[in-house]
Amino acid sequence: MNGLINFLKGKWLGHPLHPVLVHVPAALWPGALVFDLLSRGHIGGNAMVRLSFCAIAVGLAVALLAVPTGLVDWSGIKKEKPAWKIGLYHLALNLVVALLFAVNLGLRVATFRDATEVLPIPTLLSAIGTLLLMISGYLGGLMVYDHGISVARQSKKKWRKVAEAGGANVPPEKEK
Amino acid sequence: MLKDILEGKPFRHPLHPLLVHFPVGLFFLSLLLDLASFAFPNVPGWVRGAYYSMLIGIITALIAAIPGFVDFSDIRKDHPAKRIATAHMVLNLIMVAVYGVDLGLRSSVLDAVKTPLPPLILSLIGIGLLSVSGYLGGRLVYDDGIAVGRHRRRTDTPEETLRFSTGDFQEGAIGETIFVPIAAPDKIRDRETLRVEIDGQIIVVAKFEGGFFAVQEFCTHRFGPLSEGVVKDGNIECPWHRSCFELRTGKVAKGPAKVDLKTFPVEIRDGKICIAVPRSTK
Chain A
1 MNGLINFLKG KWLGHPLHPV LVHVPAALWP GALVFDLLSR GHIGGNAMVR
51 LSFCAIAVGL AVALLAVPTG LVDWSGIKKE KPAWKIGLYH LALNLVVALL
101 FAVNLGLRVA TFRDATEVLP IPTLLSAIGT LLLMISGYLG GLMVYDHGIS
151 VARQSKKKWR KVAEAGGANV PPEKEK
Chain B
1001 MLKDILEGKP FRHPLHPLLV HFPVGLFFLS LLLDLASFAF PNVPGWVRGA
1051 YYSMLIGIIT ALIAAIPGFV DFSDIRKDHP AKRIATAHMV LNLIMVAVYG
1101 VDLGLRSSVL DAVKTPLPPL ILSLIGIGLL SVSGYLGGRL VYDDGIAVGR
1151 HRRRTDTPEE TLRFSTGDFQ EGAIGETIFV PIAAPDKIRD RETLRVEIDG
1201 QIIVVAKFEG GFFAVQEFCT HRFGPLSEGV VKDGNIECPW HRSCFELRTG
1251 KVAKGPAKVD LKTFPVEIRD GKICIAVPRS TK
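Top line first, the protein sequences correspond to chains A and B. Numbering-wise (my numbering), the first sequence opens with residue 1 and increments by one. Numbering-wise (my numbering), the second sequence opens with residue 1001 and increments by one.
Note that these hints are calculated values from the structure, not bench results. Just so you know, not all the hints are guaranteed correct.
Claimed, not checked - Okay, derived cross-link-like pairs now, EDC-like style, lysine to aspartate or glutamate, Cα gap no bigger than 16 angstroms in a straight line: (1) B:Lys1258 x A:Glu173; (2) B:Lys1232 x B:Glu1209; (3) B:Lys1187 x B:Asp1156; (4) B:Lys1003 x B:Asp1111; (5) A:Lys157 x A:Glu173; (6) B:Lys1009 x A:Asp146; (7) B:Lys1262 x A:Glu164; (8) B:Lys1254 x A:Glu173; (9) B:Lys1232 x B:Asp1199; (10) B:Lys1254 x B:Asp1233; (11) A:Lys158 x A:Glu173.
Stated by the list, open to error - So the derived list for chain B, only partly shown, Cβ under 8 angstroms to chain A, looks like this: (12) Gly1025; (13) Arg1139; (14) Ala1183; (15) Lys1262; (16) Phe1264.
All residues carry an ideal CB built from backbone N, CA and C; glycine is no exception.
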């Protein structure tokens, strides 16, 4: 169990996994909106409609992979920290976004093979999904850049050595 | 002002790591579609889709480069992460050039059933470069805390570490306190800091309401760089996890840190900020 958690936290990679994986949905869902709009602007034809479909599908697949990695990162935050609540909103919003794009994908299944433009309702869903994704992605970013979640988690030992070499007071080393 | 915006300070979030999601995701998708064109050659549109995805990837990569350069230039010259950041930048420039050639090769074969080999190989090289450089970019954030909490500091940060040795002073016995002149008092403005190394001891000198204070550079939580932290209310706050220390005493004012900082007496002597350290054995 601990091994699995460490795997999901990206210990083996020397880099947290969640922020790596989320690049894919975070790029491809707004990308799908752009492709939808281009198709409606008569650019790209059926290839653009298919591209948008693929972007949503690949985004969904990788988003699902990112869920457990996000959960383990979140579970490492103490509940009384402000970042815990941000993480909760981030989590809830992401579920809504993923659900919206799943519905969005479902609406396209019957038509994407032949259509030359994406219909208004799927386009609208892409737009709403993208907007919510931007909010949720921003919250995720705040956790890292404003609250330092996962920062120096894996490099603590390296920095302790640097601090010791620099003559600093350091706390006693903990077990583990 | 423009620099602050490009560093994302008003948004409490750097812009570069936000923008890079697009090229990372879109170049990945582009390669997947190339591979799909081999797996499912009867399905139309793969090659064209890969082209559009790559095109938007290149455009967003170029946009992301702008705040990236600003972030790079803001890393202290002697920071150990500067070399990683340089590698990250060089790899990214090569990668975008590779994708530029890749896109050019594709533009004439958009109706092909399968992606031709030369652009496919370039895409594989591109993804390889992107993976390495993206990994390095992530290490910059998660290992070295680059851009973490940076938005809270609104004054300039030290461009480099000022290095001194007590061995340069002839008078005095080993172990005796010696005041090392660091800089003229007007070298920093209020709430700014200097990063100083004396005989290997790394110290941050902060100016607050006209007074000068010297404490150890490293936070006692995860050893974040206090010279890049915020000076306020007589305290210095670590950029990474907001541990706060009294400048005068080094005492923890707010956690997560639990251990107090080392402090060093500071005096203005002969028009210079001087820090008291024991004369080393050198």
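So, going through the hints one by one against the coordinates:
1. For a cut-off of 16 angstroms, the pair hint linking B:Lys1258 to A:Glu173 stands: about 13 angstroms separates their Cα positions.
2. Annotation: proposed proximity of B:Lys1232 to B:Glu1209 holds, straight-line Cα distance about 9 angstroms (limit 16 angstroms).
3. For the proposed pair B:Lys1187 and B:Asp1156, the alpha carbon gap of about 12 angstroms is at most 16 angstroms, so the pair holds.
4. Annotation: proposed proximity of B:Lys1003 to B:Asp1111 is violated, straight-line Cα distance about 44 angstroms (limit 16 angstroms).
5. The suggested pairing of A:Lys157 with A:Glu173 holds, with an alpha-carbon distance near 9 angstroms, which does not exceed 16 angstroms.
6. The suggested pairing of B:Lys1009 with A:Asp146 holds, with an alpha-carbon distance near 11 angstroms, which does not exceed 16 angstroms.
7. Between B:Lys1262 and A:Glu164 the alpha-carbon distance is near 12 angstroms, which keeps this suggested pair within the 16 angstroms criterion.
8. Pair hint B:Lys1254 plus A:Glu173 does not hold up; C-alpha atoms about 20 angstroms apart against a cutoff of 16 angstroms.
9. Annotation: proposed proximity of B:Lys1232 to B:Asp1199 is violated, straight-line Cα distance about 29 angstroms (limit 16 angstroms).
10. For the proposed pair B:Lys1254 and B:Asp1233, the alpha carbon gap of about 13 angstroms is at most 16 angstroms, so the pair holds.
11. For the proposed pair A:Lys158 and A:Glu173, the alpha carbon gap of about 13 angstroms is at most 16 angstroms, so the pair holds.
12. Interface hint at B:Gly1025: satisfied, since its Cβ lies 2 angstroms from the closest Cβ of chain A, which is below the 8 angstroms cut-off.
13. The interface hint given for B:Arg1139 holds, since its Cβ lies 6 angstroms from the closest Cβ of chain A, which is under the 8 angstroms cut-off.
14. The interface hint given for B:Ala1183 is violated, since its Cβ lies 19 angstroms from the closest Cβ of chain A, which is over the 8 angstroms cut-off.
15. A least Cβ separation of about 5 angstroms between B:Lys1262 and chain A falls short of the 8 angstroms threshold, and the interface hint therefore holds.
16. Interface hint status for B:Phe1264: violated, as the beta-carbon distance to the closest one in chain A is roughly 10 angstroms, over 8 angstroms.
Hints 4, 8, 9, 14 and 16 from the earlier list are contradicted by this structure; the remaining hints agree with it.
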